[in-house]
Structure formats: C-alpha cells, structure tokens
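Chemist: Read off the chains here:
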Amino acid sequence: MTRGALMLLCASLLVGACERERREFRRDPVVASDEDKITMSSISPGGGQPAAQSSARAKEFENNAYHVSQGKKYYTWFNCNGCHSNGGGGSGPPLMDDTWIYGGSMENIVRTIKEGRPNGMPSFRDRIPDDQIWELAAYVRSMGRAIPQDVAPGRNDDMHPRPAENRQPYVTPIPGGSTPPSGLAPQ
Amino acid sequence: MKRSLGAAIITASIYAGSPWALAWAQGASAHNIAAPPASAAPAEDGQWTMPGKNFASTRYSGLDQINVSNVKNLQVAFTFSTGVNKGHESAPLVVGSTMYVLSPYPNILYALDLTQPGAPLKWRYNPKPDAAAQGVACCDVVNRGPTYANGRIFFTTLDAHVVAVNADTGEEMWKTKVGEINKGETMTMAPLVAKDKVVVGNSGGEYGVRGWVQALDAASGKSVWKAYSTGPDRDVKIGPSFKPFYDGDKGQDLGVSTWPPNAWEQGGGTVWGWMSYDPDLNLLYHGTGNPGPWNANQRPGDNKWTTGIFARDPDTGDARWYYQTAQHDIHDWDTINEQVLLDMEWDGQMRKVLVHPGRTGFVYVLDRTTGEVLSAKPFHALTAVTGVDLKTGRLQYNPDKEPIQNRVVRNICPTAPGSKDWNPSAFSHRTGVLYIPHMNMCMDWETTEPNYIAGTPYVGAEVRMFPGPGGHMGEFSAWDIRAGKELWTINERFPLWSGAMATGGDLVFYGNMEGWFKAVHARTGEALWQFKTSSGIIGQPTTYRGPDGKQYVAVLSGVGGWAGAIVSGDLDPRDGSAALGFVNAMRDLKNVTTKGGTLYVFKLP
Chain R
280 MTRGALMLLC ASLLVGACER ERREFRRDPV VASDEDKITM SSISPGGGQP
330 AAQSSARAKE FENNAYHVSQ GKKYYTWFNC NGCHSNGGGG SGPPLMDDTW
380 IYGGSMENIV RTIKEGRPNG MPSFRDRIPD DQIWELAAYV RSMGRAIPQD
430 VAPGRNDDMH PRPAENRQPY VTPIPGGSTP PSGLAPQ
Chain D
18 MKRSLGAAII TASIYAGSPW ALAWAQGASA HNIAAPPASA APAEDGQWTM
68 PGKNFASTRY SGLDQINVSN VKNLQVAFTF STGVNKGHES APLVVGSTMY
118 VLSPYPNILY ALDLTQPGAP LKWRYNPKPD AAAQGVACCD VVNRGPTYAN
168 GRIFFTTLDA HVVAVNADTG EEMWKTKVGE INKGETMTMA PLVAKDKVVV
218 GNSGGEYGVR GWVQALDAAS GKSVWKAYST GPDRDVKIGP SFKPFYDGDK
268 GQDLGVSTWP PNAWEQGGGT VWGWMSYDPD LNLLYHGTGN PGPWNANQRP
318 GDNKWTTGIF ARDPDTGDAR WYYQTAQHDI HDWDTINEQV LLDMEWDGQM
368 RKVLVHPGRT GFVYVLDRTT GEVLSAKPFH ALTAVTGVDL KTGRLQYNPD
418 KEPIQNRVVR NICPTAPGSK DWNPSAFSHR TGVLYIPHMN MCMDWETTEP
468 NYIAGTPYVG AEVRMFPGPG GHMGEFSAWD IRAGKELWTI NERFPLWSGA
518 MATGGDLVFY GNMEGWFKAV HARTGEALWQ FKTSSGIIGQ PTTYRGPDGK
568 QYVAVLSGVG GWAGAIVSGD LDPRDGSAAL GFVNAMRDLK NVTTKGGTLY
618 VFKLP
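Taken in sequence, the protein lines are chains R and D.
In this note's numbering, each residue carries its 1-based index in the first sequence increased by 279.
In this note's numbering, each residue carries its 1-based index in the second sequence increased by 17.
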C-alpha cells in the first residue's frame, strides 16, 4: 500500500466528517431575524393549506448535534426546567409528549419562546439571542425525539429521572394540543 | 397498631346511644380538658363561614344528626359542576341559606340557593384574573377557599388580588392588587378576617419572591399593615414587643444577618397557608414558607424568618413571638400548616396551646402565649431528622441526608411536601383527638445550582419521590396530642391531599385521591361509609344545617394540586422529576382518576 492511498483515505474521511456537522458559526444578525410565515392551524378558509413559509433554518438547527446540545445547556440556564422539568412538565406543560398546544414545529416553538403564550409562558424576546432560541427549540424537539436519533442528546449531567432523549421512540408531534388552554371547560 | 387505647374506645362506643355514652363523653372532656377557647370557637350555629370553621381552626362541627349509626345511609342530595378542570382544594362555605363555592383559577365564586330543591345557582362572580398567572403558580392553580364576614365574601385570586364580594348579590365591593405576578407572586391561600381586617399572604416560594403577610381594611380594601418574612426588623414588624422564647431568635435584624449578603431579597418565606386567631390574647398566628432557593448551600445561616410560626398583633401587625420549626431549611419544609388553638392540661397545669402538625414530621405543641415548645413528637417515618431539641427549639438534622452540590442523596424521609402538606387536620373535643391526613413518602434529592431570573423558578434541586415504608403513600391518623402518639391509622394508596372534618356525631370525614369520600368512626377509625366521586378529592369537607333543619355534608371533588398535577396538568409520567419530583411517585394516578371539578353534597334519606 502506498502512503498516497492512505492519505487519500484519511482526506476522504475528513471530508465526510465535515459534511455531517456543517454549520454557520456566526450568523448575520439582520438576515437572521424572523422571516418565517408560521401558522398554528391546519385549516384555512377557501380550501387549500394555510399560507406558511419556512426558511431552511429549522432543519439546520434540529439536524445538528452541536445546536441541540447547546440547547440542552440553555434549557437549564434559562430556567426552562423550573416549569417544564426534564420534559415531563410541572407548572408548564410537558415537552416530551406528542401534544403541542401551540404547535410542535421548530418555527412554532421559536415563536412560543420569543413571544410567550397567554396561559403562563413568559416572553423571552430580547432576553435570549435569536440563535440560542433556535437551539433551545431544537432541544425541545429532541425531548420527545421529534429529531434524528444521532442528533439527540444521550445523557444528563444530573440525576437521570427519565430515559435519555436518544432512547425515546420517534414521535410525530400533534399540533394544536388537546388541552383547553386555561383548564376551564367550555361554558 | 396501638390496641390498648383502641380497645377502650371500642368498649366506649358499644355504649353509644345509652346514657353511659354521654357520661363517658362528659367525663372524658372533664378529664382530658382539651378544647378550643370559647372565644375562638363559639357555639354551633349550623353554618360553616370560614375554611377552618372557627378562629381556633378545629374544623369541628357540633352537628350530630348524621352519626355513627346512620351514616351508612348517607346519599347524594345534589351536585354542581364548577366547570374547571384544575385541583379543587377549596372548602364550600354555608352562610344562612346560601352555599359559596370557589373554583381554582379562574377563581369563579358561585352562590347556590339552599332553599330551593337542587340548590340552583343564585349568582356567580368572575374576577377574571390574568391568565399569565398560571405560569408562575408552582403547584397547580389551586385556591384554598373563600371566607365570610359581615355580609361579605373575601378571597384571593391567582394573579395576586384580594376581592370582597357582597354575599347577597355577588356585587364586587372592592378588589385590591397586592402582588406582582411578573416577579412570581401569586395567591392561593384563604384569607382570615380578624376584627375588621382581612389578613392575606403571598405564594411563590419557588420563584425567589420575598414572603409577606398583609392586613387589608375589610370595608375599603386598603392596606393597613404589611410584614415581610425576611429583611430588616422594621420590614418584619419586629419591635420592642417582640419576645421570642428561644435565644436563637433574639437579636437585631436577624432577617438580614442570617443570610448571605442580599440573599434575603429573594429569600421566600411566603405566607400561603393557614392562620388562626385568639380573641382573648388578641394574637394572630401564621406560618412562613420555605426559604428560597431550595438549594440550601446557597444560603448558609438560619434564614430567619422563614419556616416558622409568628404570633402578631392583628391591629398593628407587630410580632410578639416567633418559633422556627426548621432553621436553615434544607428540604422545602414550609411551616404553613394549620395551627389548632386549644386550652388543655399539660403537666398538671392548664396551658393555652397551639398544635401544629408540621412538614418536618413532628406534631408541635406550643404555648401560644410565649412560643415555647412543650412537645414535638414524630408522626412519620423519618431519616432526615432525628428530633427537636426542646432546650433550644432547634430541629436536629441527620448529617447523612444534608445536601451536597451535584450529588444525589438518597432515601430522605419525609419529602419536599413534608410529612403533611397544607391539607388541614381536624380536632374533636368530644374525643380529644387530632385527625391528621398526611403522607408516607421518601425521596432522592440532588442539589444543583439555581439561577435567579425574576419571574421564573428559583429552586436548584432535582427530586424524585417514592412511597415510604410499607409501600402506601397516604395515612389518616388519629393523634393523641398529650401522649404524642398515634391511636389508629388508616393507610391509603396515594398521598392524602384532602382536609379532615370532625363532627358531633363522632364522625371524621376525608377524601382520597382516587375519589373516595369517607366517613370513619372518630373513636375507632372503623370505616362506616364511603362514596366514589367523579374525580380525586383534595378539597376540604364541610357540614351544615340546611334551611330544612337537616344536616348536610359537602366536599369538592377535582384532583390536582402538587400531588395531583400529573392528572390536572397532563404531565408526562416518564419524567420522574416532573412537578418537582412528585410525578415519580404518582405515575399510577393517571390510571385511576381523571380531572374535573364537582361539588358533592350528601344527606340522610
């Protein structure tokens, strides 16, 4: 075997590895602001789907292990766990199940974090940088494993009160939720 | 089980209905001499106007039409849906011929007309609290009840307002904002009206708020005085008249010096539980909640004036004495449980006492004039604490269970909600026994670094709870206050989160989280009657004499609260740390009950 062939093999491995974890290190803050048209409904008057348009950003974040693991870190740093625990919920709803009161897409979750929701979700707009919100949303999507298994985190640094994110079976988020928002039954 | 006294009691009950029984009861009361002071617990009038029934908080009604021999015939008189799916911890009140029912958030007050068949709705009052308040309520969006005085119903709302409503018309008399939800302050407690003042306190001990108790003028809703649970003496209303019994509570500005610099500003000590009032001594008794954050390593020191009992002058708010049940609390053991005021013989002397079944696992008997601890006996399996030093009043911790940063300390008993949480016990002077609904649970606890962001949780602990010795999680115990021991105990599968009520018919009522509402014999603990309601019970039973002269028993069914949050909040049972670690123990509750609030009222046929 020649040294040249070995080097070629190493180089190809390197290129392959690069392919898997490509990400932008620093985004242009102007371009990075919201440009998505998002919807919380699956119906729209006049027939057809609701007008929605999403950038490729969601895939970029939720298919990237680095972003998801950063999101896991911020999840504790910004006290998300105080209300949503390790995904099972508490004063806030669970995040590891398949039920999404305000939509389970990346774009929906980003909006939820940024704008807050009327039944107790605080608004984090101007409190958390945009990219970190996307990273948080990617981690939130990993809690019930709506993202690829090889991207989902595998362990906690603290007590393990639940199966690891990458051990969960894949779930398809059900948008719209099933809980009357205020706990008040229709009157 | 302790048979000797039980046998004596059974023997006595055999004679129930004969002149012997009466003689025995009178003889017993003359000998035991434990009864609430007459000024705090006036003669039975057939109403139930405040959650504690009276200022002494005995939750005892003298009504005896429903008694041990006929309770087996108890049947539903009417029901009423509150339309709310969250935990119903409130007590239905009866004033005259109207029943008042307060729902959890959105805190709707319903008035039901008891003179009409089926008790139709007279009016409803909706305070329309800010929905965002739900996001800063640690343990379900509960409310522990309204209270009545001078033609008005008073209650707190989740978004930290206090409301006065005309009891006849449902018209709002005043509504005062007393807290800020954006800082994590909510309100869940039932007010106490002493003289012409409505006394209330805040919730939010898990959000780094600063606890306080406040008196509002009952006529106008204006604040009369406000006392914080942490900080300088003037904020706590500690002055020359403050005479604590123990040396550890004496000194200047302990609410500052027993904390790391400025930690008292987020120090908790919220006043979200029960209050009692002694009109003879003119003293108001209230507890203070846990210090914040839960992570005790962040706040070295005794953390005054959290986790203790205050006696205050209700006119000025000035503190008279204070006793700390858990100095430097390490496991969330709020001291907000009920204080039952009794006059009883103690070592040959009549003493004015205050009985407090605490989260720490001890039933405290205090002299309510001085704050001296007369007795502190355990009523729960304990590993985290070994006792209470009666010389210094200090709780003795087991060093093996003390928190270590980022290490899981296992098998700590009792748990964060304590041996017994908010759900109040009842005292019958006929039996001289305190009836305590409580838990039997232990936990694993990892201390983590919390991060203070105003308006978000400030806890710093990963917790998972599990059943205590024996595998059951709830116990209903009859407690001999003087001897400091259990007379009998009924085991329950799930933690007991409902209050107890005792009656002149020698019955004790309580509900369990599966939904069974039960009547047991006050002397033997024998189960005499039970009824399965639509959801788990965490409410407070009450009883009253209706306009038809008959006795009724009322209770709200509707599971939730911290223990039942797994059902009321649709939590995911796979995460044991959900609901601050309670879900680990409550995974099965979802298979046993569903949410939904309904009032049940029972009568004899």
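By construction, these hints were calculated from the structure, which means they are not laboratory data.
All C-beta atoms in this analysis are idealised placements derived from N, C-alpha and C, irrespective of residue type, glycine included.
Among the hints, a few may not be true.
Said to hold, decoys possible - A few chain D residues facing chain R, derived, Cβ under 8 Å:
id: 1; residue: Q82
id: 2; residue: N84
id: 3; residue: A154
id: 4; residue: P416
id: 5; residue: E419
id: 6; residue: P420
id: 7; residue: I421
id: 8; residue: A582
id: 9; residue: L597
Unchecked claim - Label-pair ranges, simulated between beta-carbon atoms:
id: 10; chain 1: R; residue 1: V450; chain 2: D; residue 2: K194; range: 40 to 46 Å
id: 11; chain 1: R; residue 1: V450; chain 2: D; residue 2: S86; range: 53 to 59 Å
id: 12; chain 1: D; residue 1: Q92; chain 2: R; residue 2: R404; range: 36 to 42 Å
id: 13; chain 1: R; residue 1: P408; chain 2: D; residue 2: R424; range: 30 to 36 Å
id: 14; chain 1: D; residue 1: K607; chain 2: R; residue 2: S321; range: 57 to 63 Å
id: 15; chain 1: R; residue 1: P448; chain 2: D; residue 2: K194; range: 45 to 51 Å
id: 16; chain 1: D; residue 1: P134; chain 2: R; residue 2: V450; range: 49 to 55 Å
Chemist: None of the hints should be skipped; say for each whether it holds.
Modeler: Consistency of the hints with the structure:
| no. | hint | in the structure |
| --- | --- | --- |
| 1 | Q82 | violated, 35 Å |
| 2 | N84 | violated, 37 Å |
| 3 | A154 | holds, 6 Å |
| 4 | P416 | violated, 21 Å |
| 5 | E419 | violated, 17 Å |
| 6 | P420 | violated, 13 Å |
| 7 | I421 | violated, 13 Å |
| 8 | A582 | holds, 7 Å |
| 9 | L597 | holds, 6 Å |
| 10 | R:V450 - D:K194: 40 to 46 Å | holds, 42 Å |
| 11 | R:V450 - D:S86: 53 to 59 Å | holds, 57 Å |
| 12 | D:Q92 - R:R404: 36 to 42 Å | violated, 56 Å |
| 13 | R:P408 - D:R424: 30 to 36 Å | holds, 33 Å |
| 14 | D:K607 - R:S321: 57 to 63 Å | violated, 28 Å |
| 15 | R:P448 - D:K194: 45 to 51 Å | holds, 47 Å |
| 16 | D:P134 - R:V450: 49 to 55 Å | holds, 51 Å |
Violated hints, in rising order: 1, 2, 4, 5, 6, 7, 12, 14; the structure is consistent with all others.
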